[in-house]
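One line per chain: the protein sequences are A and B, in this order.
Take the first sequence: its letter number 118 is residue 118 in this note's numbering, and every next letter is one higher.
Quick note: to get this note's numbering, add 1000 to the position in the second sequence (first position is 1).
None of these hints come from the bench; they were simulated from the model.
Treat the hints with care, since some could be wrong.
Unchecked claim - Within a straight-line C-alpha distance of at most 25 Å, the following computed DSS-like cross-link-like pairs (lysine-lysine) qualify:
1) Lys-322(A) / Lys-304(A)
2) Lys-1241(B) / Lys-453(A)
3) Lys-1241(B) / Lys-16(A)
4) Lys-1311(B) / Lys-16(A)
5) Lys-1311(B) / Lys-58(A)
6) Lys-1242(B) / Lys-453(A)
7) Lys-1242(B) / Lys-16(A)
None of these values were measured; they are calculated from a predicted model.
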Amino acid sequence: MRRFTELFTAIDQTTKTNEKVAAIVRYLSESDDRNSLYAIALLIGNRPRRPVKTSDLKEWAATAAGIPDWLFEESYHIVGDLAEAIARVLPSDSPSRSDYQLPEVIDELARLPEQTDEQKKEVITGYWRHLNPDERFVFTKLITGNFRMGVSRQLVIKALSIHLGMDEAAVAHRLMGKWIPAAETMASLFSESVQSDRVFQPYPFYLAYQLDAPIASLGAIEDWYIEKKLDGIRGQIIVRSSQLFVWSRGEDLLTDKFPEFGPLANALPDGTVIDGEIIPWQDGRPLTFQVMQTRIGRKNLSQKSLREAPLVMVCYDLLEWKGEDIRDMPMHYRRNLLETLLSSPTLPPALLLSEVMPFNHWGEVAVFRQQARDFHCEGVMLKRKDSAYGSGRRRGHWWKWKTDPLTADGVLIYAQSGHGRRANLYTDYTFAVWDEDGSLVPFAKAYSGLTDKEIAELDTWIKRNTLERFGPVRSVTPHHVFEIAFEGIQQSSRHKSGVALRFPRILRWRRDKSAEAANTKADLLQLIAAVTK
Amino acid sequence: MLKFTERGVYCPQADLYIDPWEPVEKAVVTHGHSDHARWGMGRYLCHVHTAPILRLRLGAAIAIQEVEYGEVITVNGVRISLHPAGHIIGSAQVRLEYEGEIWAVSGDYKLSYDGLSVPYEPIRCHHFVTESTFGLPVYQFPEPDLVFQDINSWCHLNAAEGVNTVLLAYALGKSQSILRQLQPGSRSVFLHGAVANVNAALGEVGYRFVGERITAETDRTALKGAIIVAPPSALGSPWLKKLSPYRIAVCSGWMQLRGARRRRGVDRGFVLSDHCDWDQLNRAVAATEAETVYVTHGYEGPFARWLREQKKIQAHEVHLHGGEATEADL
Ligand SMILES: [Zn+2]
Ligand SMILES: [Zn+2]
């Protein structure tokens, strides 16, 4: 646990990617196979299930620290992170045992869900007593379910590639999918020969960058495939040895969630891997992302949910054909094969071809992008016809060009001190729009989008213009107006304003506007009508 | 005997204020930090080692009455004396006694030893006014010795890689205790002007510190593996850029929390505080044996409630001058 904590700290302390990579390489070179594999699993985000309830953890921590529950809550609020709050409130001078090994800790945590609450408490508070505060933090992070190492997968791959002397793309491929550290060795995971057994393995997804240059700089439009950018789940459909595997980009194996694709196991030839967007689809067009989310969230799929949210894959690439990896072939070659494959009349209706949009000039693309919502998409994808299917992000061949976000002007009405930051800096804001009766109804919470300088200025203003305090929240004089951007908007009975926003964030501080000039609830309802027409 | 007023803590019997933030006739000043020592008082009373700081910061013309720790001054029957607070050089608690009633005002203080300031001494009193900058149980600071070890080995490591080390610490107090604990070996130590100014002022009362002031003439390109001590305000300044290549650390009690560390965007955060942590506050309050405790500056609410509910002490929270962040809180 000590060595892994040192790795965590080393990664956490630096923002420089080469130092992060160096820390991982150092860890790998100094650790045995078992420790390395468990660490790699955690580094790429395969964390253990959450074995205990948050409320139990809080209670045990308060008891162990000898403080009342309210004081624990108060501390937690200031720290902003449960694991850190727990690690810090417990006595700092506890004797530290340095010989806990990461694998034994993880394995013990994996066994916890089957145990009684009393046993769980015994195990967890035991670790708390024996670990030093930094180890305690990392350990508790593992059980609070939001463990993140602060490195991208790409950096882990890079470190492994240096450590193993292997090609990055090969490392990336072998890390795909679910593997269990206890069941592997470094050799079984990374050596060439056993790879053929991994029929379920997806390819690393090739990602597109947001277009950040004038569209005309892409050169001749004839060199590009232009497709709609859909708002579903990026996925790969794999058929090998007559078995079907459906992966999402988050690298979850979701085969069972999508019975629509079941017939493909027999309908697609062995050795086929298709890349596309999994999305609910009805009457020739996509349904909203929320429909998808409710369906994915369901534990058991009912006939009703299958009917309400029928899924398809809108296919845009073919990565493997007749068992051969064709990612290095140019896209027009892969696309031709894909079109031929999908034109087969015997295929089930769950596979659609991603349409290539017939634009003649970049100007047409620009106009389309602006009106993308009218066409049920969020913008366009631009892919070079001669591009290979890369791994990770390689700039220049694939671009996404999203339509501008929706916006509304809201009045700042509540502020809350930021999590994990200085106790008295107000950084989380709630914005409101005007209702018919002249009252303000909250419609968006946002905490990003302002500069440090603006945050400081606003913080001072908030402290001087507080109307009421509710614990960490202050209500303030309705005065400042902010332009809020969001990716989607829909009706919601759970929100006071009657609307729910997707990814709200602050676009800019509208110092030029008075509170009266902010938008109204009626404006928002009109916006919903406009985007769902 | 004491009142909490708009201008600060006031003693009507002696007609004087302690660390007032608006101009008054008579002010007792606990120490030289700018949130305690303000401009515009008719007369200042402070410890002899605080006096040169006040002159540096408030002007040479101010009227100061300087006293030693334990020296008693009687004003209209009130016996007033200063006692070590362990916060920074010259920092003092104020003890006031009138007709058998004793009050103690802590100012800023800490129980751990920084190797420089005269260590804190508890004052037995009936009424204790305490700060609570780090008055939550998440603030449990490591032993300063261990932190200084970490700082020294980090400087070492940076030097070995040929980069400079910039340590950001408040110019008055923490900078000096760091300079006292540095083991630079053959490496040179440089100072930001704000730190050098404080060192020079403290030189008047006999303190000596390592380090050379960085001036326009200093050849900064020649610095290799050097250690530079600067105030936090240097962060992000053009002055700092010229010291490249460097690694930079903030030395502060706030560095205890990961969020605060990350927000600063520096390479390291060393948990080094001039204030009491949670355990120290509790020990200090117990040592005074006070029946009433007034909690100011920091987490007044939680700490006062904790004292009331768990320690059965009459504790009150007092909000002084809005409790906004100050330079010393960095
Ligand atoms: Zn101070
Ligand atoms: Zn202070």
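Hint check results:
no. : hint                     : verdict
1   : Lys-322(A) / Lys-304(A)  : violated, 37 Å
2   : Lys-1241(B) / Lys-453(A) : holds, 20 Å
3   : Lys-1241(B) / Lys-16(A)  : holds, 17 Å
4   : Lys-1311(B) / Lys-16(A)  : violated, 47 Å
5   : Lys-1311(B) / Lys-58(A)  : holds, 22 Å
6   : Lys-1242(B) / Lys-453(A) : holds, 24 Å
7   : Lys-1242(B) / Lys-16(A)  : holds, 20 Å
In summary, the numbered hints that this structure violates are 1 and 4.
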